[in-house]
Amino acid sequence: MRTNSVSLFRSMAAAAMLAPAMLMAQVQLTGAGATFPGPIYTKWFDEYHNAHPQVQINYQAIGSGGGIRQVTEGTVDFGASDGPMTETQLNDYKAKRGSEVLHFPTVIGADVPIYNVPGVASALKFTQAALAGIYLGTITKWNDPAIAGPNKGVKLPAMDIVVVHRSDGSGTTYIWTDFLSKASGEWKAKVGTNTSPNWPVGLGGAQNVGVAGLVKQTEGAIGYVELTYALGAKISYGDVQNASGEFVAATLASVSAAAASAAANMPDDFRVSITNPAGKNAYPISSFTWLLIPSKIADPAKKKAIVDFLKWAIADGQNSNEALSYAKLPKEVVAREMKAISKIQ
Amino acid sequence: MASAEAVTVQSEARAPGSKNGARAFALRFFSGDEIARALVTIASAFILLVTVLLVYELWINSHLAREKFGWHFLVTQIWDPNAGQFGALAFMYGTVVTSVLALLIAVPLGVGSAIFLSELAPPKVSNALTFCIELLAAVPSVIYGLLGVFVLMPMIKQYLHPVLKGTLGWTPLFSGPFYGPSMLVAGIVLAVMILPFIVSVSRQVLLAVPNDQREGALALGATKWESTWKVVVPFAQRGIYGSVFLALARSLGETMAVTMVIGNTPQIKASLFAPGYSIASVIANEFTEATYDLYVHSLIELGLVLFALTIIINGLARLLVNSTAKFSVSST
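Which chain is which? The protein sequence lines are A and B, in order. Heads up, the first sequence is in my numbering, so the first residue is 208 and it goes up one at a time. Heads up, the second sequence is in my numbering, so the first residue is -4 and it goes up one at a time.
It is worth saying that the hints were derived from the structure and are not from the lab. Among the clues, some could well be false.
Said to hold, decoys possible - With a straight-line Cα cutoff of 27 Å, these simulated DSS-like cross-link-like pairs (lysine-lysine) come out: (1) 397(A) - 264(B); (2) 264(B) - 348(A); (3) 225(B) - 395(A); (4) 332(A) - 397(A); (5) 509(A) - 250(A); (6) 423(A) - 264(B); (7) 511(A) - 303(A); (8) 160(B) - 397(A); (9) 152(B) - 441(A); (10) 63(B) - 303(A); (11) 160(B) - 423(A); (12) 423(A) - 152(B); (13) 348(A) - 152(B).
Unchecked claim - Okay, the calculated beta carbon distance ranges per label pair: (14) 487(A) - 131(B): 40 to 48 Å; (15) 130(B) - 542(A): 57 to 65 Å; (16) 117(B) - 365(A): 53 to 61 Å; (17) 541(A) - 131(B): 51 to 59 Å.
Predicted model, so just to flag it, every value in this text is computed and none were measured. All C-beta atoms in this analysis are idealised placements derived from N, C-alpha and C, irrespective of residue type, glycine included.
Build the full structure now, drawing on both the sequences and the hints.
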């Protein structure tokens, strides 16, 4: 009897102590999607939870395809994707959920060309036509005039080019093929933009590490990896010619510059490709990655949590980007997104 | 002790059982017999249920691809998600070629070392080596993949490739350039991965061969090797085949290690130096980013194809075994 009453007393005391915390209702948000921004999202959700303990956000980096599917099925509160949703997918969403889905750019990713050419130590310059030709299989030797032209003074061997690409479907490949589609009409017609296209030539390596490993081991190889990965693994990479004809090295600054110059003619739904933008300093192979947010959120607590988080992520959250090698959103884009957030009802 | 009691209870129950079935059933029930029977029946039914559910789900979720492509899915080589064109042939080819290559390497090595471990090695050495080999089975496949990329590929490029090219380069199997990722490397990595299955199971069945078989052969004047090869191994051959089936199933379905070394190029090339692609690899590579229904359904249909392929290959292998087993029995 005594133990019972003691434990009853204890639980009452515990309940009394917990009561204030329980009044501040816990909000649990679940999201799923792209793997590329996974690390920065995890960091954001962590930081945001520390600052706002009542909001807990779980994110599953299951891939863009999975993110789009799950947000369409309504099994998650928000999705994330490295490529914008297509018209068909938007219509599908409307049919299933009876409302719109909004795209919000969060960070910017970029791809860089890496290569292994014996005797070449300096950064090679690649014209857009050269990269497209190499990946189409029409340029097969390193001393091809298309490559040698802008690299005066570099002695390029008459070696076969071994093309390496990502084998797993990824946002990295999406950005790369999107750039090639703009660089070459032939690429656009034959291959197109996709997370895993039907490659005309080349070997597939799994993940960034697989591509980098293959390039490192194979003389004459060329591949592409995310800028974040190249910076983290300290791999040297080539400069790429932009729309103004300048050869630009990818840096976090030149990637942000690309987004800033694309901001001028950005559509209201942010579904825009920013590869190959105008601007002298803009690096041409970059892309936003998006959060996919339903325009109608029935639960007011959840709605408030999502809106508050979004406002934080595109402003304060951006300060965490560069430590993890993600490029910041330019001010112009942040300002437009702040306005667009009011569309969430 | 408990089992001995159960036996006595059961034998008591059996006698009146002929007169009174219900009473006998109750007796058997309370002695635990019926409960045990029900439990094991449920267990095996559960496995059947899982298999049926698996096929059902694969079937239902691949209907778009099946309706659109029909049987052409199996004979088309094009895999172009951008154009909505999907065919499984290149993946089926890569899966079968790498698995066959793996078996060609692993079976002689595996059965050979199993014979050594069970028949020739001193028990202490045998136990220690077996422990090491079984540890191999516990290595995660991503580790095998990384070893393949960073150790095996450079080694093959430097040592094995020039030799193969020099001696067998005139055959289509070993022609063309070698960049690293290839069906050859995938086959070798798979061979290493399935070795422990073959060695461990084969050694167990060889050890289970009754000693009087060996003694009988020796008494008839056979040498040690004759007794091993002509008596012990044929006695254990069904078990050895069983270990090979297990290994084959494993290699057909292996995903991570293969995708890291096979080159992931959906093409059909006779040369083992050329990159290829396997069914399990393409599913793992592309499922997460498959953004439209037909694409997803095609990938799921690939899963169905892999399932069917495994059943067919296993069935063929079993037929082969049954025919040779009959032959060996009649010839001895």
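Now for the hints, and whether the structure bears them out:
Among the hinted pairs, residue 397(A) with residue 264(B) is consistent with the structure: their alpha-carbon atoms are about 22 Å apart, no more than 27 Å. The straight-line distance between the Cα atoms of residue 264(B) and residue 348(A) is roughly 23 Å, inside the 27 Å bound, and the hint therefore holds. Our distance criterion of 27 Å between C-alpha atoms is broken by residue 225(B) and residue 395(A), whose separation comes to about 65 Å. Proposed proximity of residue 332(A) and residue 397(A) is supported: the alpha carbons are some 25 Å apart, at most 27 Å.
Straight-line distance between C-alpha atoms of residue 509(A) and residue 250(A) comes to about 20 Å, which keeps the hinted pair within the 27 Å bound. At most 27 Å may separate the alpha-carbon atoms for a hinted pair to count; residue 423(A) and residue 264(B) meet this at roughly 25 Å. Of the supplied pair hints, the one linking residue 511(A) and residue 303(A) holds, its CA atoms being roughly 23 Å apart against a limit of 27 Å. Of the supplied pair hints, the one linking residue 160(B) and residue 397(A) is violated, its CA atoms being roughly 35 Å apart against a limit of 27 Å.
With a C-alpha separation of about 26 Å, the suggested pair residue 152(B) and residue 441(A) falls inside the 27 Å cut-off, and the hint holds. Annotation: proposed proximity of residue 63(B) to residue 303(A) holds, straight-line Cα distance about 24 Å (limit 27 Å). For the hint pairing residue 160(B) with residue 423(A), the CA-to-CA distance comes to about 23 Å; that is within 27 Å, so the pair holds. For a cut-off of 27 Å, the pair hint linking residue 423(A) to residue 152(B) stands: about 14 Å separates their Cα positions.
Distance check on the hinted pair: residue 348(A) and residue 152(B) sit about 21 Å apart at the alpha-carbon level, within 27 Å; holds. Look at residue 487(A) against residue 131(B): about 57 Å separates their beta carbons, and that is not inside 40 to 48 Å. Between residue 130(B) and residue 542(A) the C-beta distance comes to about 59 Å, which sits within the given range of 57 to 65 Å. At roughly 59 Å, the beta-carbon separation of residue 117(B) and residue 365(A) lies within the given 53 to 61 Å, and the hint holds.
Restraint check, residue 541(A) to residue 131(B): a C-beta distance of roughly 54 Å satisfies the suggested window 51 to 59 Å.
When the structure is compared with the earlier hints, violations turn up for hints 3, 8 and 14 and for no others.
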